[in-house]
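Here the protein sequences come in this chain order: Y and F.
So the first sequence is numbered by my numbering: it starts at 473 and just counts up by one.
So the second sequence is numbered by my numbering: it starts at 473 and just counts up by one.
There could be a bad hint or two in this list.
Since the list gives no way to pick out one identical chain from another, each pair is judged satisfied if it fits inside one copy or across any two copies.
Only pairs whose alpha carbons sit at most 30 Å apart, straight line, appear in this in silico DSSO-like list of lysine-lysine [what the hints assert, rightly or not]:
1) K510 to K771
2) K822 to K510
3) K650 to K497
4) K497 to K771
5) K771 to K822
6) K497 to K510
7) K495 to K650
8) K645 to K807
9) K645 to K618
10) K618 to K650
11) K497 to K822
12) K618 to K510
13) K807 to K822
If you're looking for bench data, these hints aren't it; they were derived computationally from the structure.
Each chain, letter by letter, is given below.
There are 2 protein chains.
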Amino acid sequence: MTNGFTPSPLFERVERARRRKHKFKDTHITLAHGSGGKAMHELVEGLFLEYLRNPLLEMLEDQAVFEVGKTNGATSASGNIDERNSTRLAYTTDSYVVTPIFFPGGDIGRLAVSGTVNDLAMSGARPLYLSAGFILEEGFAVEDLKRILASMRAAAEEANVQIVTGDTKVVQKGSADKIFINTSGIGVFESLVHISDARAQVGDQVILSGSLGDHGTTIMIARGELELETDIASDTAPLNLLVREMLDEASRLAAGDAIHCLRDPTRGGLATTLNEIALSSEVCIQIDEERIPVREEVKGACEILGLDPLYVANEGKLLAIVSPEIAEPLVARMKENVYGREACIIGEVKAEPQGIVAMRTGFGGTRIVDMLVGEQLPRIC
Amino acid sequence: MTNGFTPSPLFERVERARRRKHKFKDTHITLAHGSGGKAMHELVEGLFLEYLRNPLLEMLEDQAVFEVGKTNGATSASGNIDERNSTRLAYTTDSYVVTPIFFPGGDIGRLAVSGTVNDLAMSGARPLYLSAGFILEEGFAVEDLKRILASMRAAAEEANVQIVTGDTKVVQKGSADKIFINTSGIGVFESLVHISDARAQVGDQVILSGSLGDHGTTIMIARGELELETDIASDTAPLNLLVREMLDEASRLAAGDAIHCLRDPTRGGLATTLNEIALSSEVCIQIDEERIPVREEVKGACEILGLDPLYVANEGKLLAIVSPEIAEPLVARMKENVYGREACIIGEVKAEPQGIVAMRTGFGGTRIVDMLVGEQLPRIC
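Let the sequences and hints guide you as you build the complete structure.
This is how it looks when you write it as structure tokens:
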């Protein structure tokens, strides 16, 4: 590191990221490049990483983790800043372009706060501060902007974070669609955790915090492309307090680092997230179709829409891969939180075949669940 | 602060911000709301601040400044975290929507890195890490994206910062204009500085690092709305190394805090930036028209375009308000840096009339220089 600051000990990811290098051959950007699936991986690993490569970006997790500290502090033999003088931070960003901007269960404002809070929380850090950058289309109604700001305020209060810096740009009518919001966030590590896509171990249990597909299905229905009357609502929510409770419970039961992987299965859905973990950890993840909660209305809507809930974005769910001895009591603890009421164990980590997600189906067979290919749902978040 | 972390001692700004509260009465967003001038101030203070209010956001500086540290550290009597365990950080964000995306002297990528680096540097912090969020229009040429990424890499290398986390969204053709980039950034304070719009003091000297209007004029010409053949190029550049040298020189000459205000006069130009400082510091800032450097070609182009260089955006210039005893040697030191070659003293801080920027004109008279009103140049950055 040239600037005197050292990253966290997650370097193990770097070599893995290097090994699964993609070549990027497309000549034009397509909607699939924003899908969260294979095309986006190719864009990120084959292009963004090629140009902007550095050890922190190379980890390709949903957040960067690094230490900052006083440079006048002693430097330890390991090259790390003296721990007494350094603070470990998580840092992340996401842009939100969801359409429609208001939908059952939330809006672009609640999404912009929750999504970034969740990316921080999934590293084990406590989210503290957010930035907000607004791109507004000329002619956008101020009443709508007020509603979005009120929603951001409520979500920030719920998550106990503060939006401390911001920016506004206005573009001519037709140069953007209503409103795009970028948020970035900073979180601080308060306890020793070691959460990474690369830490899934054979025997670990796979926990899901609740039902799949609510957000993506809600958005598709809200677009009104088909006349569906349902009660489905987006699950958009900040999950940092649930994560805090899980980390506390894990510490009480065993050690804080008994939670190995934590992810929010957003774009690309559970299937893509599990594939990323299986690849990074070089394990097989086996899930049971019958144990995966999906609301009946979501199942029905997905059938009509031609969607698979395994690939639909969630914005208020998390996936945890944990040591087997803490799995059951951890699920019990999660159920006490409003966002973990339907928590359950949906599978287990196996040794072989490496890099594969396998699902035992209701009929007793097993099928391979691949990463999302192509573009399923543009502008879902 | 509810989350156990305390902001920097810049609270003096809060009361001032409260006093100059704006009412926001517009019903629809117009281009003027993104101009950097009065309409944008009304939007930010009358709407964004009303909804998202917190002590850090209330300061309305170009960056938030706060301390992070271990919560298990002792808490001092002042309520601050024990200084041995805390680190003072600056945090900022900006979205970039400039059109055209390539222009003489730079492109949207160099701008996105430089602009955010500069917002951090102007607080006196050392920029360390950036995030980058891309919103791409379906059909955008990958060759153009590669050129932009190469430019971001070069600017990041020049500024010695790393882009450590990112995000990509793709929207349908027609829902955005080619590419929008949001960057946020984190910087760390390595020395005791106290830079704020509220610190200009009577007798202080006003220093400008170089000629005005290059960026904005270049963009207007690059749009090809008039057939002008000129050699004007944007000044887009990261200024953090220049700022570092200035802080070092100030420490050597007097004390690090002899630099009172530091700003990059971007949207709204020098006139708007000086007005913000005059209001925050409750002083009069007097500048001399004849001492303000403007290139002949820029002057000529501005006349044809109907622009006033005082209001045109700069992306590689800084304004410093400093104790009189360090002004001359500081300017001499600035001239040694490639981005400070034309540094000069352009004015002085007076007591009265408070909140006013006055300019002595070439004819010997004095005129009041107001903040930018209305929209001058949309999508300039």
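Consistency of the hints with the structure:
1. K510 to K771: Within one copy, since 24 Å is at most 30 Å while 51 Å is not.
2. K822 to K510: So K822 and K510 pass the 30 Å test inside one copy only (23 Å; across, 61 Å).
3. K650 to K497: Answer is between; shortest inter-copy Cα gap is 19 Å, intra-copy 32 Å.
4. K497 to K771: neither (36 Å within a copy, 45 Å between copies)
5. K771 to K822: The answer is within: 28 Å in one copy meets 30 Å, while 70 Å across copies does not.
6. K497 to K510: within (13 Å within a copy, 46 Å between copies)
7. K495 to K650: So K495 and K650 pass the 30 Å test across copies only (23 Å; inside, 35 Å).
8. K645 to K807: neither (47 Å within a copy, 43 Å between copies)
9. K645 to K618: both (20 Å within a copy, 28 Å between copies)
10. K618 to K650: both (14 Å within a copy, 28 Å between copies)
11. K497 to K822: Cα proximity of K497 and K822: none, with 34 Å in one copy and 61 Å across.
12. K618 to K510: So K618 and K510 pass the 30 Å test across copies only (20 Å; inside, 37 Å).
13. K807 to K822: The answer is within: 26 Å in one copy meets 30 Å, while 64 Å across copies does not.
Consistency with the previously given hints fails for numbers 4, 8, 11, ordered from lowest to highest.
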